[in-house]
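K.L.:
Chain by chain, the residues:
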Amino acid sequence: MKKACILLAIICTSVLWSQEKEVKIVFDVTSADEATHQSAIRHIKLMSEAYPDSEFEMVMYSKAMNMVLADKSTVAADIEELAENANVSFKICAGTMKRYGTEKEQLVKGVEVVPDGIIEIVTKQSEGWGYIKEAHQ
Amino acid sequence: MKKACILLAIICTSVLWSQEKEVKIVFDVTSADEATHQSAIRHIKLMSEAYPDSEFEMVMYSKAMNMVLADKSTVAADIEELAENANVSFKICAGTMKRYGTEKEQLVKGVEVVPDGIIEIVTKQSEGWGYIKEAHQ
Amino acid sequence: MKKACILLAIICTSVLWSQEKEVKIVFDVTSADEATHQSAIRHIKLMSEAYPDSEFEMVMYSKAMNMVLADKSTVAADIEELAENANVSFKICAGTMKRYGTEKEQLVKGVEVVPDGIIEIVTKQSEGWGYIKEAHQ
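Chains as they are written, first to last, in the working numbering: chain X, 55 to 191; chain A, 55 to 191; chain F, 55 to 191.
Worth flagging that the hints you see were computed from the coordinates, not collected in a lab.
Every residue gets a Cβ at the ideal spot worked out from N, C-alpha and C, and that includes glycine.
Any given hint could be a false lead.
[Said to hold, decoys possible] Computed from the model, here is a short list of chain X residues facing chain A with C-beta under 8 Å:
(1) D87
(2) T90
(3) V176
[Unchecked claim] Mimicking DSS-like on lysine-lysine, the simulated pairs with C-alpha atoms at most 30 Å apart in a straight line are:
(4) F:K117 <-> X:K163
(5) X:K126 <-> A:K78
(6) X:K117 <-> A:K126
(7) F:K99 <-> A:K152
(8) A:K78 <-> A:K145
(9) F:K152 <-> X:K78
(10) A:K126 <-> A:K158
(11) F:K78 <-> A:K117
(12) X:K99 <-> X:K158
(13) X:K117 <-> A:K99
(14) F:K158 <-> X:K99
[Said to hold, decoys possible] Here are a few chain F residues that face chain A, going by a calculated C-beta distance under 8 Å:
(15) V77
(16) I79
(17) S93
(18) H97
(19) M101
(20) L123
(21) A124
(22) G182
(23) Y185
(24) I186
(25) K187
(26) A189
(27) H190
(28) Q191
Sequences and hints are given; from them, build the entire structure.
P.N.:
Listed below in structure tokens is the structure:
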């Protein structure tokens, strides 16, 4: 009985384990640097094309405000197009918007607002998502 | 019996799972850039105010030495004040201190020394803490 | 019986848990900055010396191409020497190589090619490896 118990516990854990192995990635962008915005978009674009059944989320906060402003972003068209995919999402931190005095209407189409960028990222991590910090210096 | 076993294993795992969902965040700071120090402090300050029952730790190593030097840090007062909270801690890597010839007396009050900054961070990760790299380029 | 079951499930989970506590670290390098290359190498060198029974992997992609080019890297000798250790490996993203028109022959000796740098990193994360982003701004 004990052996069966151990086995069952291992099986249960293995099932949860294998679920974690799905490709789910949250990208963290805090840079004001347009070169970083462009790299970040290239990463999520290539990966969502290569893994159409997986999930990708990009979270912008801190100094990355301009990346999702319709009239300032150098990657606005890419974000709008990518956000149409069910497995790709772009999230901006409400706290960052407030700090920059940004209104929802100014955002690139398809960008969603989350209450807190950091909480959004660590929640995804705790759900087994992979984490990639986008930074290039 | 087997069903009960599976159920119990799932419950056990779920309990551990939900414990991981607590907000516990380790921040990684390696930059010499004062703007990055200030962003990092803003993040930990806002979060520890918003989540007073959660835990936050900021680990400095590599090029971030000045951030915790009493006579050089631009965020010394904030660190000292925040470190008084039971749920907030600041850790500097002993290896980094050695490399810069820093003595413990030179540190901002409240900053603790850990043997190795990277080991500190990955240990927290393995205990289910969320991870945020502070970097802005 | 139920108690035994719970206990066994906890033991099983604890065993898996403690396995996660082994020091296994994947380092993420995307910078073109030679100072970042040198910091990254110092980190993996010191850690692999201090923890000879642990595993370390450094993944280069995006703007870090030069770090592993034999005729351009400022850390080529270190990489070649470190890669001789069974517990240290250096991986370059095949997609990045293609983007820069790099041939395998141009790589520093000991550097291995992986199909996708980001997938390599998040796979390690999902297997319980710690994650450190190398970035210094």
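K.L.:
Now tell me, hint by hint, if it's right for this structure.
P.N.:
The hints, checked one at a time:
1. D87: holds (5 Å)
2. T90: holds (7 Å)
3. V176: holds (3 Å)
4. F:K117 <-> X:K163: holds (29 Å)
5. X:K126 <-> A:K78: Not OK: K126 of chain X and K78 of chain A at ~34 Å, beyond 30 Å, violated.
6. X:K117 <-> A:K126: With a Cα-Cα distance of about 24 Å, the restraint between K117 of chain X and K126 of chain A holds, given a limit of 30 Å.
7. F:K99 <-> A:K152: Holds - the C-alpha atoms of K152 of chain A and K99 of chain F are around 16 Å apart, at most 30 Å.
8. A:K78 <-> A:K145: Since the Cα atoms of K78 of chain A and K145 of chain A sit roughly 15 Å apart, the hinted pair holds (cutoff 30 Å).
9. F:K152 <-> X:K78: holds (24 Å)
10. A:K126 <-> A:K158: Cα-Cα ~14 Å, so holds.
11. F:K78 <-> A:K117: Holds, at about 23 Å.
12. X:K99 <-> X:K158: holds (24 Å)
13. X:K117 <-> A:K99: holds (17 Å)
14. F:K158 <-> X:K99: holds (25 Å)
15. V77: holds (7 Å)
16. I79: For I79 of chain F, the interface hint holds, since the closest Cβ of chain A sits about 6 Å away, which is under 8 Å.
17. S93: holds (5 Å)
18. H97: holds (6 Å)
19. M101: holds (6 Å)
20. L123: violated (22 Å)
21. A124: Constraint on A124 of chain F not satisfied, violated at 26 Å.
22. G182: holds (7 Å)
23. Y185: It holds, given that the least Cβ distance between Y185 of chain F and chain A is near 6 Å, below 8 Å.
24. I186: I186 of chain F check passes; min Cβ-Cβ to chain A is 6 Å, inside 8 Å.
25. K187: At about 4 Å, which falls below the 8 Å cut-off, the nearest Cβ of chain A leaves the hint on K187 of chain F intact, so it holds.
26. A189: The hint holds - A189 of chain F has a Cβ within 8 Å of chain A, the shortest such distance being about 4 Å.
27. H190: holds (5 Å)
28. Q191: Since the shortest Cβ distance to chain A is 4 Å, the answer is holds.
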